[in-house]
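Protein chains in written order, with the numbering used here: chain A, 1 to 116; chain B, 1 to 116; chain C, 1 to 116; chain D, 1 to 116.
Quick caveat, the hints were computed from the structure, so don't treat them as lab data. Take these hints with a grain of salt, some might be off.
As the list claims (entries may be wrong) - The list that follows gives simulated cross-link-like pairs (lysine to aspartate or glutamate, EDC-like), each with its CA atoms no further than 20 Å apart: (1) Lys-100/D - Asp-20/C; (2) Lys-100/A - Glu-88/B; (3) Lys-100/D - Glu-92/C; (4) Lys-100/D - Glu-66/C; (5) Lys-5/C - Glu-98/D; (6) Lys-100/D - Glu-48/C; (7) Lys-5/A - Glu-16/A; (8) Lys-5/C - Asp-49/D; (9) Lys-5/B - Glu-16/A; (10) Lys-5/D - Asp-20/C; (11) Lys-5/D - Glu-16/C; (12) Lys-65/B - Glu-48/B; (13) Lys-5/A - Glu-48/B.
The residues making up each chain are set out below.
Protein chains: 4
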Amino acid sequence: MNIAKLQQRLREFTAERDWDQFHSPKNLAMALTSEAGELAEVFQWMSEDQSRTLDESSTNMAAAKEELADVMIYLLRLTDVLHINLEEAVNENIALNEAKYPVGVSRGNATKYNRR
Amino acid sequence: MNIAKLQQRLREFTAERDWDQFHSPKNLAMALTSEAGELAEVFQWMSEDQSRTLDESSTNMAAAKEELADVMIYLLRLTDVLHINLEEAVNENIALNEAKYPVGVSRGNATKYNRR
Amino acid sequence: MNIAKLQQRLREFTAERDWDQFHSPKNLAMALTSEAGELAEVFQWMSEDQSRTLDESSTNMAAAKEELADVMIYLLRLTDVLHINLEEAVNENIALNEAKYPVGVSRGNATKYNRR
Amino acid sequence: MNIAKLQQRLREFTAERDWDQFHSPKNLAMALTSEAGELAEVFQWMSEDQSRTLDESSTNMAAAKEELADVMIYLLRLTDVLHINLEEAVNENIALNEAKYPVGVSRGNATKYNRR
Chain A
1 MNIAKLQQRL REFTAERDWD QFHSPKNLAM ALTSEAGELA EVFQWMSEDQ
51 SRTLDESSTN MAAAKEELAD VMIYLLRLTD VLHINLEEAV NENIALNEAK
101 YPVGVSRGNA TKYNRR
Chain B
1 MNIAKLQQRL REFTAERDWD QFHSPKNLAM ALTSEAGELA EVFQWMSEDQ
51 SRTLDESSTN MAAAKEELAD VMIYLLRLTD VLHINLEEAV NENIALNEAK
101 YPVGVSRGNA TKYNRR
Chain C
1 MNIAKLQQRL REFTAERDWD QFHSPKNLAM ALTSEAGELA EVFQWMSEDQ
51 SRTLDESSTN MAAAKEELAD VMIYLLRLTD VLHINLEEAV NENIALNEAK
101 YPVGVSRGNA TKYNRR
Chain D
1 MNIAKLQQRL REFTAERDWD QFHSPKNLAM ALTSEAGELA EVFQWMSEDQ
51 SRTLDESSTN MAAAKEELAD VMIYLLRLTD VLHINLEEAV NENIALNEAK
101 YPVGVSRGNA TKYNRR
């Protein structure tokens, strides 16, 4: 995925509409949580099994795709305006998680996963 | 960003810990909303101006980076298990938004942005 | 529940700390979504069955209680600063839902519940 | 506010539609986060000042009222199915916050409020 190119496209989209005034990191973070809420809405009454066997051509799959893309759009905008390298940040967090959840003790262990 | 490679790394991370049983799309969507909530927490008491002028080396910037990476990790997992092409989905949504918010009428117009 | 009394207690708590400057409706809405995210975190890796049979004295039940109270606190603050009558608003929405989901067609129907 | 009466009304609403099967605590928590996301959507592009001076008869005020009521509805359902005393929980959290944010050191201090 060409992150820089997508961010450039979104930057132009925003500038053409004079929307930079609305795109403070605070507002973009808030917009990302709204989109995450819409993603949750797609899955909220489904069983886990139903969510695992969604038909590729179902309305719910199309809705999930759309909401995931909207979350990604705000992620791209936020990392752009905050000058964060998203790929680097992801690799750092995975490394941290590897240390935090060692294979031995975390195997099949949901509780490890739970609240601090 | 090499999406396929990051998804592969996360797939191995999950398999090694036998966590696929927890990674239903429903649960991953729920985890993504938790991370979005933690992102919101970073910005909730800041003014928009403060969010625009965050110091690169501040605790808040580090926290924003970490939470954005966590959101991205669940986005990568979700698009992987649902077989969604994230880049394609993003481009489709941008195209839809270009049609929905024509430059002329949307210029500097926050209300266009508001609730259906 | 004495809503007015709780709102009065929270109003004093806020005024004593000179926090009204932070409690704009926008910020309070953002704080409410953070707390909702923490509530989601409690349940995200649990099965539905596990969530139905939570032990009254478990850490997860204590966490759920705490997060639900935090959501309520921001709900009380928001309805206070916006001069919204919460009980009236709830009754109106239930009435709307009764019209929207007639017993006959909605019986046991999860799809009715799904996306617009 | 007569919590018990509202919970009874919602319990009947749910039973008449045979929706108890969908109302696991996990699903209700997910639905609450969706509604919190819709609340965030109302305020995301507004300035803090605009959110403080919302007109009582505006579309945004009506939307805020509706979303706050929806959050409350899921809060009522969740505390009902989990047998949590919401008023008690709120009072406990306020007492904890009073201890956590002593008036002296917290006065006008946004950073106290920030991330752990």
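We went through each hint and held it up to the structure:
1. Lys-100/D - Asp-20/C: Roughly 18 Å separates the two Cα atoms, so the pair holds.
2. Lys-100/A - Glu-88/B: Cα-Cα ~33 Å, so violated.
3. Lys-100/D - Glu-92/C: Roughly 37 Å between the alpha carbons, so the hint for Lys-100/D and Glu-92/C is violated.
4. Lys-100/D - Glu-66/C: Judged against 20 Å, a Cα distance of about 15 Å means the pair holds.
5. Lys-5/C - Glu-98/D: Measuring from Cα to Cα gives roughly 16 Å; hence the hint holds.
6. Lys-100/D - Glu-48/C: Violated - the C-alpha atoms of Glu-48/C and Lys-100/D are around 34 Å apart, more than 20 Å.
7. Lys-5/A - Glu-16/A: Distance of about 17 Å is within 20 Å: holds.
8. Lys-5/C - Asp-49/D: 27 Å, violated
9. Lys-5/B - Glu-16/A: 34 Å, violated
10. Lys-5/D - Asp-20/C: Roughly 33 Å separates the two Cα atoms, so the pair is violated.
11. Lys-5/D - Glu-16/C: 34 Å, violated
12. Lys-65/B - Glu-48/B: Roughly 18 Å separates the two Cα atoms, so the pair holds.
13. Lys-5/A - Glu-48/B: 26 Å, violated
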